[in-house]
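In order, the protein sequence lines correspond to chains A and B. Residue numbering for the first sequence follows the working numbering, beginning at 1 and increasing consecutively. Residue numbering for the second sequence follows the working numbering, beginning at 204 and increasing consecutively.
Treat the hints with care, since some could be wrong.
[Claimed, not checked] In silico lysine to any residue, SDA-like type, Cα no more than 25 Å apart, as pairs:
hint: 1; chain 1: A; residue 1: 100; chain 2: A; residue 2: 38
hint: 2; chain 1: B; residue 1: 205; chain 2: A; residue 2: 190
hint: 3; chain 1: B; residue 1: 241; chain 2: A; residue 2: 28
hint: 4; chain 1: B; residue 1: 252; chain 2: A; residue 2: 38
hint: 5; chain 1: A; residue 1: 70; chain 2: B; residue 2: 281
hint: 6; chain 1: B; residue 1: 205; chain 2: A; residue 2: 151
hint: 7; chain 1: A; residue 1: 147; chain 2: A; residue 2: 166
Quick caveat, the hints were computed from the structure, so don't treat them as lab data.
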Amino acid sequence: MQTEATPAQADVSELELVRQCQTGSAEAFDELVTRYRTRVFAMIYNMVHNEQDAWDLAQDSFVKAWRSIKRFRGRSSFYTWIYRIVMNVTIDWLRKKQIKGAGLEFDEAIQLTQIDPASRTAPKADPLPHARMERSEIRARIDEAIKQLSPDHRAVILMKEIEEMQYHEIAETLGCSIGTVMSRLFYARRKLQSLLRDVYEGV
Amino acid sequence: MKAFEQKWTAWLDGQLCGKELAEFEASLSDKAAAEADKREVKELGALLKQHLSVDVLTNEEFFSHQLRERIRCEGQAKDRHAARSPWWSIRGLALSGATALAIFAIYAVVVMREKSPSERSEYLTQILNARVDPAVSPNATISMFETKKDKVTVLWVEGLQSLPADYAAK
Chain A
1 MQTEATPAQA DVSELELVRQ CQTGSAEAFD ELVTRYRTRV FAMIYNMVHN EQDAWDLAQD
61 SFVKAWRSIK RFRGRSSFYT WIYRIVMNVT IDWLRKKQIK GAGLEFDEAI QLTQIDPASR
121 TAPKADPLPH ARMERSEIRA RIDEAIKQLS PDHRAVILMK EIEEMQYHEI AETLGCSIGT
181 VMSRLFYARR KLQSLLRDVY EGV
Chain B
204 MKAFEQKWTA WLDGQLCGKE LAEFEASLSD KAAAEADKRE VKELGALLKQ HLSVDVLTNE
264 EFFSHQLRER IRCEGQAKDR HAARSPWWSI RGLALSGATA LAIFAIYAVV VMREKSPSER
324 SEYLTQILNA RVDPAVSPNA TISMFETKKD KVTVLWVEGL QSLPADYAAK
C-alpha cells in the first residue's frame with residue numbers, strides 16, 4: 001500500500017498523533033487530515049465522480065473518524081482504519097443514491113464530459129490541447145465504465161489497482177473475506193475489460 | 204477450497220505459488236489465451252492507475268479549515284447539550300433506579316442473611332404459650348429444644364396441672 005510519508009517515520013509519528021487525538025487534541029487530528037485528505041478525496045472522487053459529493057463525503061468521513069478515534073486500537077494502520085470509514089460512508093451513499101434514481105448518474109456523466117474533465121485531469125505541465133482532450137475523453141470513458149460497477153466492485157478494483165492494497169487489507173477495510181475480495185475483483189475486471197478493451201489496446 | 208474465479212484472480216496477481224500454481228496452470232485448457240488475458244488485465248490496471256491517480260483536491264487548506272469548523276461546532280453543540288441536560292433525564296432516572304435496585308439487592312443478600320435463624324421455633328413456642336392457661340397452671344413452663352443436625356425436637360413441660368380439652372399438638 002502506498003504511503004505519503006516514509007513508512008517507518010510515518011508509522012511512529014502517526015501512532016503518536018493518534019494517541020494525542022484520543023486525548024482530545026484537534027491539532028493532532030488536523031495533522032492526520034493533512035496527510036490523508038488528498039488520497040481520501042481522490043478515492044471517493046473515483047467512486048462517485050462528482051467533486052462536490054466527494055468533498056462532502058470526505059468531510060463526513062473525517063468527522064466520523066474524529067468521533068470514533070477513541071475506539072481505534074492500533075491493530076491496523078491508521079490509514080486502513082480511516083479507509084474503512086471512508087468506504088462505509090461512500091458505499092452507503094452510493095447505495096442510497098442508486099435506490100433514489102438510476103437516471104441521475106448518466107446526466108452527471110454528460111455534464112462531466114462537457115465541462116469539467118479537462119480542468120480536473122489537466123497535468124501541471126499543460127500538454128497540447130489535443131493531448132488534453134484525449135486524456136479527458138479517456139477519463140470520461142473510464143468513469144463511465146466504473147459507474148456500471150456495483151459500489152462493492154468499484155471499491156475493490158480501486159483499492160487494488162489505484163491504492164495497490166493487498167487482498168487482506170481490502171478484506172479488512174470492507175469487512176469481508178479474502179475469497180470475496182478475489183471474486184469481486186474477478187467480476188469487476190471482467191466487466192471493465194469488456195467496456196474498456198478498445199481504450200487500453202488503443203493506448 | 205477456492206472457486207475458479209478466486210484462483211484465476213490470485214493467478215493473475217501472482218499470488219499462487221508451488222503446488223497450487225502448478226495444479227492451476229495444468230488445469231488451464233488454453234494457457235496461451237490465459238497469458239494473453241493476464242497481460243490484458245495488467246494493461247487495464249496501468250490504464251486505471253494512469254488516469255485515476257490524478258490530484259483532484261483543490262483548495263486543500265479550505266478543506267481542512269471547513270473540517271476544523273465542523274468539529275469545533277460539533278464540540279460546542281455537545282457541550283451545550285450536556286449543560287442543558289437536566290439531572291432527571293431518562294438516562295439519569297434509569298441510572299438512579301438501577302443504583303437503588305443494586306443497593307437493595309446487596310442489603311437483602313448481605314445484611315438479612317446475617318440474621319441467623321433462632322435456635323427455637325418461634326411459631327411452635329407461640330402456640331404452646333397460647334395453650335397454657337395461667338389460671339389453670341400458674342407455674343407451668345414449657346421449653347423446646349431443637350437439634351437441627353439430628354432432626355430432633357424436645358418439648359420440656361414443667362408444672363402443668365392439666366391439659367386443655369381442645370389441645371392438639373400437631
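Now the hints, each set against the structure:
Restraint check for residue 100/A and residue 38/A: the C-alpha separation of about 29 Å exceeds 25 Å, so the hint is violated. About 18 Å separates the Cα atoms of residue 205/B and residue 190/A, which keeps this hinted pair within 25 Å; it holds. Taking the CA atoms of residue 241/B and residue 28/A, the gap is about 44 Å. The hint is violated against a cut of 25 Å. Distance check on the hinted pair: residue 252/B and residue 38/A sit about 16 Å apart at the alpha-carbon level, within 25 Å; holds.
Distance restraint check for residue 70/A and residue 281/B: the Cα-Cα separation of roughly 16 Å lies within the 25 Å cut-off, and the hinted pair is therefore satisfied. At most 25 Å may separate the alpha-carbon atoms for a hinted pair to count; residue 205/B and residue 151/A meet this at roughly 24 Å. For the given pair, residue 147/A sits about 23 Å from residue 166/A by alpha-carbon distance, which is consistent with the 25 Å threshold.
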